[in-house]
Every structure is written in C-alpha cells, then in structure tokens.
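*Asks:* Those protein sequences? They're chains P and L, same order as listed.
To convert, note that position 59 of the first sequence is 59 in full-length UniProt numbering; the numbers rise steadily by one, no gaps.
To convert, note that position 6 of the second sequence is 6 in full-length UniProt numbering; the numbers rise steadily by one, no gaps.
One thing to keep in mind: the hints can contain errors.
[As the list claims (entries may be wrong)] Computed spacing ranges between beta-carbons, pair by pair: (1) 98/L / 133/P: 36 to 46 Å; (2) 45/L / 42/P: 50 to 60 Å; (3) 859/P / 52/L: 26 to 36 Å; (4) 16/P / 52/L: 47 to 57 Å.
No lab work stands behind these hints, which were simulated from the structure alone.
A quick note: this is a predicted structure, and the numbers were derived from the prediction, not measured.
By construction, the Cβ of each residue, glycine as well, lies at the ideal position given by its N, Cα and C atoms.
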Amino acid sequence: MSGHYNLKALIKAIRSCKTLADERAVIQKESAAVRTSFKEEDSFTRYNNIAKLLYIHMLGYPAHFGQIECLKLVASPRFADKRLGYLGIMLLLDENQEVLTLVTNSLKNDMNHSNMYAVGLALCTFANISSEEMSRDLANEIEKLLGSSNTYIRKKAALCALRVIRRVPDLMDHFVSKAKSLLQDRNHGVLLAGITLITEMCELDEKVCDEFRKATGLLVKHLKNLVATGYSAEHDVLGITDPFLQVKILRLLRLLGRGDPASSEIMNDILAQVATNTDSTKNVGNSILYETVLTVLEIEADSGLRVMAINILGKFLTNRDNNIRYVALNTLNKVVSIDTNAVQRHRNTILDCLRDGDISIRRRALELSYALVNESNVRVMIRELLSFLEVADNEFKLGMTTQICLAAERFAPNKRWQIDTVLRVLKLAGNYVREEVLAAFIRLTCHTPELQFYTSQRLYAALSNDLSQESLTLAAVWIIGEFGDVLLQGGTIDDGEEVKQVTDTDIIDLLELVLSSPYTNTLIRQFVLTALSKLSVRFSELSTPQQSHNQDRISDILNRFSSNLELEIQQRSVEFSHLFELANVKGGVLERMPPPEIRATIMGTVSERKPVGSTRTDKDTVVDLIGDDLTSPTNGSSSAASGPSTQDLLADIFGTGGGSDLSGLGSPPPQANGGGQQKSAAADIMSLFDSSPSSGPGPSSNVTSPVTSPIQTSSAGASASGSLFDLVTPSSQSAPAAQQQQQPKTQLQSYTAYEKNGLKISLTPKVSPTQPGVIQILARFQNSSVESVNGVNFQVAVPKTQQLQMQAMSSSDVAAGATETQQMRINAPAGAAIRLRMRISYTKSGQTVTDQQDFAGFPADLTGSK
Amino acid sequence: MIKFILVQNRQGKTRLSKWYSPYDDDEKVRLRGEVHRLIAPRDQKYQSNFVEFRNDKIVYRRYAGLFFCVCVDSNDNELAYLEAIHLFVEVLDAFFQNVCELDLVFSFYKVYAILDEVFLAGEIEETSKQVVLDRLDYLEKLE
C-alpha cells in the first residue's frame, strides 16, 4: 500500500472528494500509508510524510503518532527538515504533553547552532510551546541570546524571555538587567519585543515596576521620536510611524505612571502631544489615541489632560466607524464611575447611540445611560429611556424596565412623577417587568393616599385600552380591587384633564373582560378573583344604585370558577364564595390592607438605594444614650401586670363577640373582627407580620390569667386561602384550653413599659419561630385619662449588638381613651437579653413631658436560646 | 496577549489555527466551531469587528471569503489588533503576490512560517513588512 506521491497530490486528492465519507476514506488510507512508511525509518521519505500528516492534522484528523518522527526530523542536519520538524512540534505538541521534555535537548543544541536561522527556529518553537519545566531548563540559554549581536535573535529571545516569566515568574531576575539594555536598542523589532517583556514584568512585580520608573524619560524620548519623525518607509502605516510601537510604549507608560505622580508628570507633555497631533481620520491613528486615553485616565494626569481624554472619547462617539464608537462606549463605561461629570457632557451623543444600527453599541450605550442618571437630569434621561423603550429590542426590555423603575425610585422629584413613570413602563413593556418592580409600585401606591385616585384612574384607563401587558393587568387589577371605593368616589386630576366617571358596573365589566381575555393567565385570574371579592366589600360601603345587582354578579363570577381545573383558582373561588355567605366576617377579612412595610427595592447588583418614605432607623440617633452599659433595669416583669387595662385590650380586640364564638378548632383561629370603636389596624399589623398563627385562647385565659392574656392574631388576610375554612368550623369549648397548654410559647404577652400621666405604653413582643433572632414588638400607647396627649415621640435604643428598626407611629396624638400603636423590630443574636432604653416626650394639658426609662422585662429566653 | 489566531472561510473550514495558550484537542474543535458561529453571521456594515467571547474578546476582519480572527485579552487594545491583522494580511499578500484561499491551502506550512515571523508567543514580533519579507526570502533560499 502506498500513499500519494507528495503533499500537493494529497491535497488535490482530498479536494476532489465529493463527500465527507470519501474524504475520510482517503485520509484513512493515507494515514495508514504514512504510518507504515514511518516504520521503515527512511529519512528521505520522512519530510514528505510529515508534511502530509500535518495537513491531515489541520483538517482535524488524528496525527499524534507523528510526534516522535518530528523529533527525528529536527535532529536532521538539513535546514528544510529542521524547519518542518519544528513546525510539526509546534502543531502537534503543546506545553502539557510529556513528549515535550524530549524536545528540550534539540532546542538547546539549536540555540547554540552556528546558523542564526536554526537558532531562530529553536527560539520560535520555544516561545510558542515552552512548558514550565522547559522554561527552567533553558532560561540560561535565553538570557545569553538576549545579548546576541544579531537583532533577529535578540527580538526572538526577548519574547522567549516573556514566555519564561509567564510560566515561571521566579526567573524574572535573570532578565531584568538585559531587559534594561533592550530599551536602548535602535531596532524597532527588538525595542517592541523588549517593551512587551518589560510590560509583563511590571505587571507581575511591583518592585520591578519601581525600578523601570527610572526609564520613563527614555520611553518618553522614544515616543517623541516616533511622533516627530516625518515619513519612515520601513515602519510607516498610512502616514503614522510604527503605531504598534507607539501603542506598546503608551501601555508601558500607563503601568509606570499609575499611582506615581513623579513619573506621571514626566509623561504629561508627550501624552498631550500625542493626543493633539495624531491623525484621527483612520483606524491606525485612533488605535493610538485610544491607548493614550486609557493611559491618561489611569495615571496621575492633570485635570486638563483628563478632560482632553474624555473629549477624545466624545469625538469617537460621533465617528462613523462602528469599531471606534464601540471602543469609546466601552471605555466611557469604565470611567463613568470615576469622572461622571466629564462623561455627562457627552450625554446627548450617548443617547443618540441608543439608536445605532449595531446592537452591541446599543447595549453599551444603554448601560452607560443607566450610569448617567442622577437627581438633576432624571426627567430628561428617563424620558429618553422611555422613548427608547418603545423601540428597544426585546432582550433589553427586562433590564430597562428594572433600571428605569429603580432610577425613578431613587431620584424621583415627586411621587406623581414616579407613579407616572412606572405607569408608562407598565404600558410600554408590561410583559417584561420583574415582580420586585411590580411590588414596589404597589407599595408606593399604598403609601401615597393622595394619589390613589389618580393612580387607579390611570390604571383603569390603561387596562381598558390594553389587556395584553401582563404586569399592567396585574397592577391594575390589584389596585382597582384594593382602592375600588376611591376610584368610585371620584376626584380631580389637577392637570385639567376631563376625568371619566367610573361606575361600579364599569369596573366589574372590565374585570370580567380581563377574565375572558386571551392574554389572561392563571396568575391574573387569581388576582381578579381576589380583587372581585374585595370590591364587593368596597362597593357595599358606598351603597351605589346597582349595588345588589353587582353583588350578585360578583358572586356569580366567583362561583363560575368553583370547578376550575387549576387548583389554586378553584380553591379561591370556593373559599370566597363561602366567605360571601358569612356577611358578618366578610367585611373584616376583606378590609383594606395595611400599607406594606416600606423598603427600598433591591435587585441583584443594585446596592445603594435611598429609603423612600418613613422608614426610620432610630438606632443611631439614640444609641449614644445607652452605650454598652445597660445595667439597671428599672422595670421588672412584675410591673407589667396590669389587669384592667389588659382586659380592656382584649375587649378591644375581641369586640363584643365572646371568645368562644371565635376560637377555632384547628390551628389558626380567626382574627377578631375590627368592630367599631377600636383600632383594628393594630390587629391587622399584627396579622401582617405573623407567620405562624397562635393558638386559640379560650375564655378561660381571659379570666384566670390577665397577666398573660394573649393577644390574638391570625394570618387571615384578603388572599388567605387555607385558613378561611376554619372560620366556619364549629367551635368547641374544651379545645382552646387544652391547646393553650400545649403551645404556651406561641402566645403573645404584653408588658407595661411606661405608665405616667394617664399614658400607658405596653410592649408586646412576638418571636417568629423561623427566625428566632427577629423580634417584632408592638407598642401600644393607651391614654386612659380624659385629656388627649399630643406630639408623642417615642424613641428606643438597644445595645450595640442588636439592631432596631421602627415604623412610624399610627398617630402622634393620642385622644382620650384611645390607643395608638407603633411597630418595631429588633434583630438580636440568639440568647441575648432584650434591653431597651426608651425616651418618650409628649405634651399633655399644655405641659411638655420628657422621660427616659430602661426596660428589661421580657423573658430571658425570648431570643430563642434553649 | 493573543490566545489564539484562526483563519476560517465562510463555510467554517479552518485554514490556519495557531494556539498560544494550551487547549486540548476537543477544546480546539469546540473553539473553532464557536468562533465560526459567532463571527460568520455578523453584519459587515452595521456591526463592529469585536465580539466578546468567554472572558476574552475576538477581533476579526474579513478579507473576501476569509475571516481572520484573533482572540485577545479583554483589556487589550482592539484597534491595534485590527491593524496587526491587516499587517499580517499585507505580508501574506506581498509574499504570495495576490494571496487567495488556495495559497493558504497548498502552502499552509509557509503560512505558519510567515505567522511566526509576525507574531510570537502571543505578541506582535515585527512591524516592518520589509524586514519580514527579507527574512522569508532568505529562509526560502535555504531550503
């Protein structure tokens, strides 16, 4: 069996193959022939065989059996054999292969060869595939060749040295002094290789970098020569002398000038000169300008130079070449955090890039735009971003909606503007909105009562126009459900627009339309069902003309889903329908939700956000009062016992209904209906934070242990699903007492912390079983006197190891006989005792009272140690 | 530094591949395919010549039916590498006198020799066309 005559014949044969299978057959046959031929150890056919084998390798077929033959070829005295042998080694071997160690000796021999081209071949092979071991073995040879009188050898040796220090940084010392002399070289190739080597050294070792700082002046001189030289045929690229060398020098200057004002000073002038004199019409010139900009931005340049650099980037942005714009945007993205103001000047150009034909340029411009938004330009920027959102690629939309809403939250000039912005986002890209953004919007609406009519009106109008935007639908359905009464009552939108009066029938029509829309999914249906249930209560409070008819319609719609295949929907439908039959509890269950806890929207990488609204952390303001020496608690738990008032509290909560009516058999008992005279909001807040419902207190606890009277909470909210069945479970007299003994821990006990001038403050701690270190405390301010207490300011401090968060007080004025509440949360390490230092000030009958007290009356195991 | 250099035609056949970082064979096959799929469909007029690729970036330039791709560190100067590609192509053109794809196929070993005179150890080695061509001529005579 014999193969093709030579490489050319083989290539032709392979090229004439019609199919891949043919090609494979030819190659297999040829490989076999080459293999057989290798066994004959014929040094004349070896060259040919290796050449063929390398071609086969290039096509992606196995050729590793030729490795050893390449080594033999290298040992041949013929230059052509040597050359092909080294090429074979470079192609078939890499630094991770064992055979490579066999090459070391050949390389060593050839590096000492009398023919400079043989030396060149050895250096070239070494520079491309040297392993760590080989680098150690041949470092001395390389060092010697760095001093060669031949430029061809010197430049290759310099790059070999680069390879050595990349593999074994410890060997750097061998080359430092020789590298210095390379900087004096007159040959461009050697100088280029030398500077590359020194750049790598400086990156690897700060000390070496210090040493080379002395050469800054020399580098500046080289650069000056390049810039000043007129035409030089040898290194000219479109009228610029050796741009590659210029770029390398600039890069090394960057390393030398970084964090070193002295050497930065030396290079200031030349950088300015390069920046002004380089021709910016061609890519060559721009590559130099770009490197100059990078250097200026990184060294300790004076401010004029920095502005110049950013202006160059600004000019790049208007360049017609995509590459230049891309590079400019990329660089601006890096510097925007350092020098925002300078970048701001190019804002309009950057915004123009949002409409660029190249998607990667659009993406970079977009990222940069996000970084440019601040308090002063938020209106303009968001307007631009919103108009881009209309035409943006779908892949950008999710990121854009998130960024726009976060920026709006952070820099909004007013609430109205913020709401408008989010509304617009929901309309334009309602299918690309994160849940967190939606939740933040609902939170915002709940906390802006003055704009609830406006918001719900706008959402109603938007939803009537477009049912296809999921997040818009969700937001609208939730808001309309929650604030249906506000929407019906009407109001004014102050920009003189005609407001279309909405009736309850319209709202139900719209929701029904949503249910039947093709865009509707399970989640939307769930929202609609909950909204409808809430609306039935909102409407009943207003007594509209169509009321009874609409109530029937709502319950009809709810009933329609009682056999829905989707379990969650079916459950909601059945439960809500059932709730409808219980007229006396329905109102309480579906009452207005308390505004959710306000917090900044946090997503992914976004870290620094201003809190919106009334969230306060009072820890810092009072903590200096308390220090670490909280020693003498003045108020023991004994003083917390206060029979009558606790019972008042219970009476308040339970309303007129007896405890036995309400106590459930199952775990979560119903929440006591708000009734009339008391603040049901308090109980609502409790229920909001309650993750595990407490067991039902029986009437017995009411009588026998006033000190430990539990405050009852439940998880029954508007959307509660599981617990609703418990509402109708027949009660049993004996169950609650038994249950109470089983789970005494989960009961809530209140402690009196302060009682003066008719104002009593009691604290009710509650520990979540899932987060033992987090304690929710409800403070109740009870005014038992006949005069009102005004301007109550209640401040609390905890030891430094703990963290305290306080919500705003429900009202700072406590009317006679009334009770106000304030919620706070303490994060404490497990087992720590909760000690509070309280400062309270208020005005009563024209007198201002300020008091300070310590409190440590909570049980010691409150924080969950066992 | 340069991680690898690939020259591919529009069908994705690799005409030249040079690896300055160690990759095993499977990885090389994968990279060739990935680079081709990334570069070939890009628009010549409306897109830049740079693509982010894994942790690095690819600077590429198309000459007739051939893509010259260079994979470089993400903080390297893209524009300068664009020039470097052009320098290499100019040398090829001068050496083969109007280079075409078939030159690269039939004289692939010469192309490697040219490449080794222009780039070494993942860095630009020589920037003067004339110096490179003189060396190559001399090497030819030695054979």
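*Asks:* The structure should be examined with respect to each hint, and the outcome stated for every one.
*Replies:* The hints, checked one at a time:
{"no.": "1", "hint": "98/L / 133/P: 36 to 46 Å", "result": "44 Å, holds"}
{"no.": "2", "hint": "45/L / 42/P: 50 to 60 Å", "result": "55 Å, holds"}
{"no.": "3", "hint": "859/P / 52/L: 26 to 36 Å", "result": "59 Å, violated"}
{"no.": "4", "hint": "16/P / 52/L: 47 to 57 Å", "result": "40 Å, violated"}
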